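No gaps in the numbering here: position 197 of the sequence shown is 204 in this note's numbering, and each next residue is one more.
It should be emphasised that the hints constitute simulated quantities derived from the structure, not laboratory data.
Here the structure is a predicted model, which means the values were calculated and not measured.
Wrong hints could be hidden among the right ones.
Below, in silico cross-link-like pairs of lysine-lysine (DSBU-like), each with a Cα-Cα straight-line distance of 30 Å or less [claimed, not checked]:
id, residue 1, residue 2
1, Lys222, Lys142
2, Lys164, Lys142
3, Lys164, Lys83
4, Lys222, Lys164
5, Lys83, Lys142
Pairwise CB distance ranges (calculated) [stated by the list, open to error]:
id, residue 1, residue 2, range
6, Phe14, Pro67, 38 to 44 Å
7, Leu148, Pro271, 47 to 53 Å
8, Ser306, His165, 48 to 54 Å
9, Arg125, Ile245, 38 to 44 Å
10, Ser306, Thr50, 51 to 57 Å
11, Thr320, Phe14, 53 to 59 Å
12, Gln264, Ser43, 28 to 34 Å
13, Thr320, Gln145, 25 to 31 Å
14, Arg151, Lys83, 29 to 35 Å
Where is the CB? At the ideal position from N, CA and C, for every residue including glycine.
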Amino acid sequence: MRLPAEFDLHGLEVFVLTVELGGMTACAQQLRITQSAVSQTITRLEQGIGAPLFDRSLRPLGLTPAGRALHERARKLLASARTAYDEVREGAEQPIDQLTVGMSESLANLLTAPLLRRHGMRVGAWRVRSGISLKQQQEFLARRCDMLVTGSNTLEKHAGIEHHDVIDDPFVMIFPADYAGSIEPTDVMERLPFVRYSLDTGMGQRIESQLTRMKLRVPNVIEVEIIHQQLTTVGLGIGWSITSLLRLAALPQLMPQLRVEPLPRGRFARRIQVVARSGELGDLPEQTSLLARETLLDSVLPPLFGVLPWAQTLVDGAAS
8 MRLPAEFDLH GLEVFVLTVE LGGMTACAQQ LRITQSAVSQ TITRLEQGIG APLFDRSLRP
68 LGLTPAGRAL HERARKLLAS ARTAYDEVRE GAEQPIDQLT VGMSESLANL LTAPLLRRHG
128 MRVGAWRVRS GISLKQQQEF LARRCDMLVT GSNTLEKHAG IEHHDVIDDP FVMIFPADYA
188 GSIEPTDVME RLPFVRYSLD TGMGQRIESQ LTRMKLRVPN VIEVEIIHQQ LTTVGLGIGW
248 SITSLLRLAA LPQLMPQLRV EPLPRGRFAR RIQVVARSGE LGDLPEQTSL LARETLLDSV
308 LPPLFGVLPW AQTLVDGAAS
């Protein structure tokens, strides 16, 4: 059987993006074409298949049974096509045209240079973005970002995404360097205000969730959204906070201003992962996760362990 001319990869890509981005306008913006071109492409695809893919009486557009059946198959077909494309280009020593990578501020500081040094030649044009992880995940779902190195797990329930573990990053308590009191949270709160990490961030939400599980009611007196604010505010003696080991490692110059202690109870960690759409970047996501693990365990964390010998036990325990 010969496939109809309308049933091509471009038409399938337009269809899948329209579904995943929630409409033809968003698809047109992503592909930088007109909405009319998107509509015409989908109409031709429907003509080639001989069945409507969208129920146009619904707002927003809803998929017909044929559309639902095609969507899952088209995603897999496009992933296979991208894999074949990447493998052929790699065999011909041709790099990926362009890649946008999103990382948190601290991970970007630690991993950007090693990533470009090891895999720079595999991509023609790199765009490395740092910022709030939850916003980056929205960019990823909108296909404005191709790969994430993230400590947030909110994408794990989405289909068609591959996850590659790096390491588990334990959380610790931080106090001003001259703080000499009890580190039991209920005792600390009587002496110092809590410096809350913004709830608009994955980090902040993770910490807040743990505080709730520990049944700690922490007044919202000070709230920050970047790691430098958090560490300097604590270092100046203004309050105490909870952060992660990797965030401390990203700003080693601030360590002399801090007293760092393990949580006396309710210990927890975030899992650092490399996230990408399944099959779209070949083995680059997996290789990036291996590079990140190597860099963090061999270069980034050992100096911190020299200052905080007990911290290595936390990392080893989180990994086991």
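How the hints compare with the structure:
1. A C-alpha spacing of about 28 Å is found between Lys222 and Lys142, which places the hinted pair at or below 30 Å, so the restraint holds.
2. Distance hint between Lys164 and Lys142 is fulfilled; the C-alpha atoms sit about 17 Å from each other, no more than 30 Å.
3. Of the pairs offered as hints, the one joining Lys164 and Lys83 holds, with about 17 Å between alpha carbons and a cut-off of 30 Å not exceeded.
4. Restraint check: the Cα-Cα separation between Lys222 and Lys164 comes to about 27 Å, which is no more than 30 Å; the hinted pair holds.
5. At roughly 27 Å between alpha-carbon atoms, Lys83 and Lys142 fall within 30 Å of each other, so this suggested pair holds.
6. Restraint check, Phe14 to Pro67: a C-beta distance of roughly 25 Å breaks the suggested window 38 to 44 Å.
7. At about 38 Å, the CB distance of Leu148 to Pro271 disagrees with the hint of 47 to 53 Å.
8. Ser306 and His165 have their C-beta atoms about 32 Å apart, which leaves the hinted 48 to 54 Å range violated.
9. Taken as a hint, the range 38 to 44 Å holds for the pair Arg125 and Ile245, whose Cβ atoms sit roughly 40 Å apart.
10. The given range of 51 to 57 Å is respected by Ser306 and Thr50, whose C-beta atoms sit roughly 54 Å from each other.
11. Separation of Thr320 from Phe14 is about 58 Å and conforms to the stated range, judged on CB atoms against 53 to 59 Å.
12. For Gln264 and Ser43, the Cβ-Cβ distance of about 59 Å falls outside the hinted range of 28 to 34 Å, so the restraint is violated.
13. The given range of 25 to 31 Å is broken by Thr320 and Gln145, whose C-beta atoms sit roughly 36 Å from each other.
14. Evaluation of the 29 to 35 Å hint for Arg151 and Lys83 yields a failure: the beta carbon distance comes to about 23 Å.
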